[in-house]
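2 protein chains.
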Amino acid sequence: MVASAAQVSRVAVSRAFNPHASILPEKRARILKVAGELNYTPDRAARALATRRSHLVGVIVPDVCSPWESQEIDALTSALQVEGFATLLFKTRTDMRMDERLLAYVGGFNPDSVIAFAENVGPDTLGRVLHRATPIYVCYPDDGDGRPGSEGAVFDRLNVMQRTGIEQAVALVSGYGCRRLAYLEGDRRSLANTARERTLRAVLRERGLGEPVVVRGDFTYETALSSTVELFRMLGGAEAIFAANDVGAFGAIDALRFELGLRVPEDVKVVGFDDIAQAHWRSYHLTTVRVDLVERVRALVSLIRRRLKDPGAPAIEETVQTRLVVRGTVG
Amino acid sequence: MVASAAQVSRVAVSRAFNPHASILPEKRARILKVAGELNYTPDRAARALATRRSHLVGVIVPDVCSPWESQEIDALTSALQVEGFATLLFKTRTDMRMDERLLAYVGGFNPDSVIAFAENVGPDTLGRVLHRATPIYVCYPDDGDGRPGSEGAVFDRLNVMQRTGIEQAVALVSGYGCRRLAYLEGDRRSLANTARERTLRAVLRERGLGEPVVVRGDFTYETALSSTVELFRMLGGAEAIFAANDVGAFGAIDALRFELGLRVPEDVKVVGFDDIAQAHWRSYHLTTVRVDLVERVRALVSLIRRRLKDPGAPAIEETVQTRLVVRGTVG
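Just so you know, the sequences run in chain order A and B.
Note that the first sequence covers residues -14 to 316 in our numbering.
Note that the second sequence covers residues -14 to 316 in our numbering.
Just so you know, these hints were derived from the structure itself, not from any lab.
Don't take each hint at face value.
Because identical chains cannot be distinguished in the list, a pair is counted as satisfied if it fits within a single copy or across any two copies.
As the list claims (entries may be wrong) - Below, computed lysine to any residue pairings styled on SDA-like, alpha-carbon distance capped at 25 Å:
id, residue 1, residue 2
1, Lys18, Glu85
2, Lys12, Thr304
3, Lys294, Arg82
4, Lys18, Asp84
5, Lys12, Arg242
6, Lys294, Phe243
7, Lys12, Leu23
8, Lys18, Gln66
9, Lys18, Ala138
10, Lys18, Asp109
11, Lys18, Val139
12, Lys12, Val305
13, Lys294, Ala187
14, Lys294, Ala60
From a predicted model like this one, the values you see are computed outputs, not experimental measurements.
Generate the whole structure from the sequences, applying the supplied hints.
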């Protein structure tokens, strides 16, 4: 109906609705206009069965979303939309593992790709429920550990190299003469957190700076605030605090300033991790290890495109770097 | 295959995978276990065709996501997941309108429901691309305006009553003797912003407090910061600032403290809107008009369930209130 009303072929109508197909912009506009007048839209459920493409990308995120994850989902959704994909969100249980039933749903939606973290669901488990999609895992290879365990399942990787940024942070802090250092943890079940701690320890050892005091944390502002108070009231304090994420660093800064009457950076230096949008707000103006969000999203989209082009390829990977962004909380 | 291996009926297998179906927990667990061993999951594309249910809820958000929207998407995804729905994200163009082609995709995914704002896409336009779903619009009815324009399209409503919270904020601020008041705008294309401004003006008039100075804003920290500096350097300043959102209030507070050398609340009082998680951080400790996120998400999920139970019902609505949360930035 649309084809005859717009005086084009049925193939042209199909191409007009397919963001991956090349078609003259005026032709696409005319077809979409006619389709609109006729109330026609292609049904993706029907089309998914025919093409075996769902145009859905699943993203599995922890139960409680941090600003970092929100900003990543936001940027990723924009980038995927340009490529003709919609983002489908799934959240883990509070213990960060995936519900059996939810896992079945993930597969049931037949996504073209799924982005996951090994601490939430392993590649073997996830691979078992996916019909065609090869999952993408976020890995921290320069840590020498923290890789998703696999008994042979194929998965693609986004390698986040945390070491460079951490080395720069340690160099800066030790350059200001700080010797007594603390690491304010993130959630211990998070591989990003354990990789950060392990890399920080390795870098400190290499520079002969000894072990950091480890302060309990869970990526939240509240725990960071109370743990920092405890660090100074019970554990002898520190000259510099490395936080596992920016939100934790904000909690530490507020504890130092408002609970302990200490100045940042004069009395205590603070370094965050992530570089979320709030890190440059004047009240914090945080020196932090940056994971470039644009670069990270570009790498994820590239993994999705490369895999869809060659479904039979062996595991593929993309790599992103970290670097220190120097603002006002160190020297 | 699964039915015979688990020694149950095919109906039971289908029920085990349907979160809405009642089935004994042990039975469901056994079926899912067997299904896992056989690598079986129901394909939602096939099922959507059969049941005409996609188990997808579309959410249309502005191009640049604020912390408020992120927190709402996060809470909504958790709540929908419990009900067996997955959240599908769509983002508008930078001018806040929806792309024609994207609109066709929204319909193509055949969502069971779509949550939208009238400034992004009108009910008539959205209704035209949806096959079965009745869209849900967020409305501000106590403002007397700001409703989505409709030429007869049926849509469901979440009514956000902004007036109560704004009245409480004005009472508190005027109780401290502030007379010269400013309104720090959000994006002018946002109906939430225009409704807030109009309601604030109405409440000020009723209390004989005169017109507020209006300061340019767009919901971002950066614009709020520079506009607040301009307010004090060029426009004679204000005794109290009502911001259209919390992030804008943070920008105003930082401008007052770090650019203008003024104290909050001693020299200038600041009130936000939303009550995002960051509002209680010590550096801001913001007095703000709260839209209860849990209540709001519950109302949205209720609208979705009520509509799916009775697809032919006339427009349905749910209502949420606002109230002032008093912290440290006023008196």
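Structure versus earlier hints, numbers of those that do not hold, lowest first
Structure breaks hints 2, 3, 5, 6, 12 and 13.
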